[in-house]
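Asks: Chains A and B are the protein sequences, given in the same order. When we follow my numbering, the leftmost residue of the first sequence carries the number 149, and every step to the right adds one. When we follow my numbering, the leftmost residue of the second sequence carries the number 149, and every step to the right adds one.
No wet-lab data here; the hints were simulated from the structure. Be a bit skeptical, because a hint or two may be false.
The list treats identical chains as one, so a pair stands whether inside a single copy or across any two.
Straight-line C-alpha distance at most 20 angstroms; calculated SDA-like pairs for lysine to any residue [what the hints assert, rightly or not]: (1) 225 <-> 200; (2) 225 <-> 263; (3) 225 <-> 182; (4) 225 <-> 213; (5) 225 <-> 326; (6) 225 <-> 248; (7) 225 <-> 197; (8) 225 <-> 251; (9) 225 <-> 185; (10) 225 <-> 240; (11) 225 <-> 328; (12) 225 <-> 170.
Here is what each chain is made of, one letter per residue.
2 protein chains.
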Amino acid sequence: MRAILRGMPETPSPSGSASEPSLEEQIAAYQREFRDLDPQVEQVVSALQRLNRRMNVAYGRQTSTLGISNTEWEVLKALVLSGAPYRLGPGDLAKRLGLTPAAMTHRIDRMAAEGLVTRERDENNRVRVIVELTDQGREQWLEAMRMATVFEEDLLQDLTTVERHLLGELLTRLLRRVEDAQPDAGGRLSDLG
Amino acid sequence: MRAILRGMPETPSPSGSASEPSLEEQIAAYQREFRDLDPQVEQVVSALQRLNRRMNVAYGRQTSTLGISNTEWEVLKALVLSGAPYRLGPGDLAKRLGLTPAAMTHRIDRMAAEGLVTRERDENNRVRVIVELTDQGREQWLEAMRMATVFEEDLLQDLTTVERHLLGELLTRLLRRVEDAQPDAGGRLSDLG
DNA sequence: CTATCGAACTTTAGATCTGAAGTCTTGAGG
DNA sequence: CCTCAAGACTTCAGATCTAAAGTTCGATAG
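Construct all of the structure, not just a fragment, from the sequences and the given hints.
Replies: Below, the structure is given as structure tokens:
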């Protein structure tokens, strides 16, 4: 079917045409192209990156069925995690999500138009603005959390309790190391281009 | 020093100015706001997400010192990993990076203008386009890899060889589970909004 | 050889983000 | 009071991405 024989000069990868390489293939390629590489380190890092990407795809699919985007979900999450009465300023939100204040202004515009949050001036200090979760926003967050936990439980299904604990601890140790080295939570997560 | 004194009243976090909560605070908040939550699962997932975010910030800082962006680095990576002669079509690149073909066209425009890649038509099939890494592009990738491996080695510094191996295995098992469930590598990694 | 369909890429319009400049409020000095 | 500096948010211009429409080439069927 796949019109084999296209002259295929050197196609070491069994995958006829260029599909995404498997993790194993990727690490092998790294070793071919870059000698000074610890394959063990690379396996951890590459698996981490791929896993996160897949998870984001999954979350995106779920939130989109709820009529919200992943970016909106992030904002809802930050507000809920701040605890009742679920209020934060645009500046705080921007710091927590790793965005510029300008981007937060735009997001809040959209989310307020959709009724997920309200925006009002702080009467005690009129420079500040207060973004507050609406009941509808909280409901959306709950719904998204229900779907997310199902996915996450499924993701970890093959791991025993001991393995889950171990994995959590190892990841937390790595996280601690980065957070100590990078105390400023800020820093755009995307590019810095 | 862990879990001492949970008695702290209602405002455990110095409410002074809302800074990003720690991982522990975040998980505690999740449990307050969403009863049906397995804290062990949440620790793994939250640590994973935070870790990835921090790593992206670090990579972004590094690549920006080289005069390229993280997005450009992704393209260089895909080309190098494809092996000599470091050529791929825009469509393949788009699939591997989880972008739309349109976005790839734009990226290639920019990267070709900077001399990181060349773009030419495939003479055997003039519908196709071939994107090829230039020597300069390969050099930039090498330089970025050198910086990245230093960072990654530092990140894993506190883990023994056994722990590294274990972590790699656990992550790979999770990855396998998602990739089996989501065979299509595609899917925008960002929003789907 | 010609018509047509499909594949691969590009173009266009609109969405969202960044960086810089602008607006408004507060607080410190004079 | 008045002025000015700093802080918090918004506005604006430009960058990059997505979705959809457009273009071009290749292959298949008369």
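Asks: Decide, hint by hint, whether the structure agrees.
Replies: The hints, checked one at a time:
1. For a Cα distance limit of 20 angstroms, the shortest separation of residue 225 from residue 200 qualifies both inside one copy, at 18 angstroms, and across copies, at 18 angstroms.
2. In this assembly of identical chains, residue 225 and residue 263 lie within 20 angstroms of each other by CA distance solely inside one copy; the values are 16 angstroms within and 42 angstroms between copies.
3. Within a single copy, residue 225 and residue 182 get their C-alpha atoms only as close as 40 angstroms, which misses the 20 angstroms cut-off; across copies the closest is 11 angstroms, which meets it.
4. Within a single copy, residue 225 and residue 213 get their C-alpha atoms as close as 17 angstroms, which meets the 20 angstroms cut-off; across copies the closest is 33 angstroms, which misses it.
5. Proximity of residue 225 to residue 326 under the C-alpha cut-off of 20 angstroms is found in neither arrangement, the shortest distances being 23 angstroms within a copy and 23 angstroms between copies.
6. When the C-alpha separation of residue 225 and residue 248 is checked against a cutoff of 20 angstroms, the pair qualifies only within one copy, where the shortest distance is 18 angstroms, while the shortest distance between copies is 28 angstroms.
7. Taking the closest pair of Cα atoms, residue 225 and residue 197 come within 20 angstroms of each other only across two copies (13 angstroms); inside a single copy the shortest separation is 22 angstroms, beyond that limit.
8. For a Cα distance limit of 20 angstroms, the shortest separation of residue 225 from residue 251 inside one copy, 17 angstroms, qualifies, whereas the shortest one across copies, 29 angstroms, does not.
9. In this assembly of identical chains, residue 225 and residue 185 lie within 20 angstroms of each other by CA distance solely across copies; the values are 15 angstroms between and 38 angstroms within a copy.
10. Proximity of residue 225 and residue 240 under a CA criterion of 20 angstroms is satisfied intra-copy only: 13 angstroms inside one chain copy versus 35 angstroms between copies.
11. For the identical chains of this complex, residue 225 and residue 328 are neighbours neither inside a copy (24 angstroms) nor across copies (28 angstroms), given an alpha-carbon limit of 20 angstroms.
12. Taking CA atoms no more than 20 angstroms apart as the test, residue 225 paired with residue 170 passes between copies only; the shortest distance there is 15 angstroms, against 33 angstroms inside one copy.
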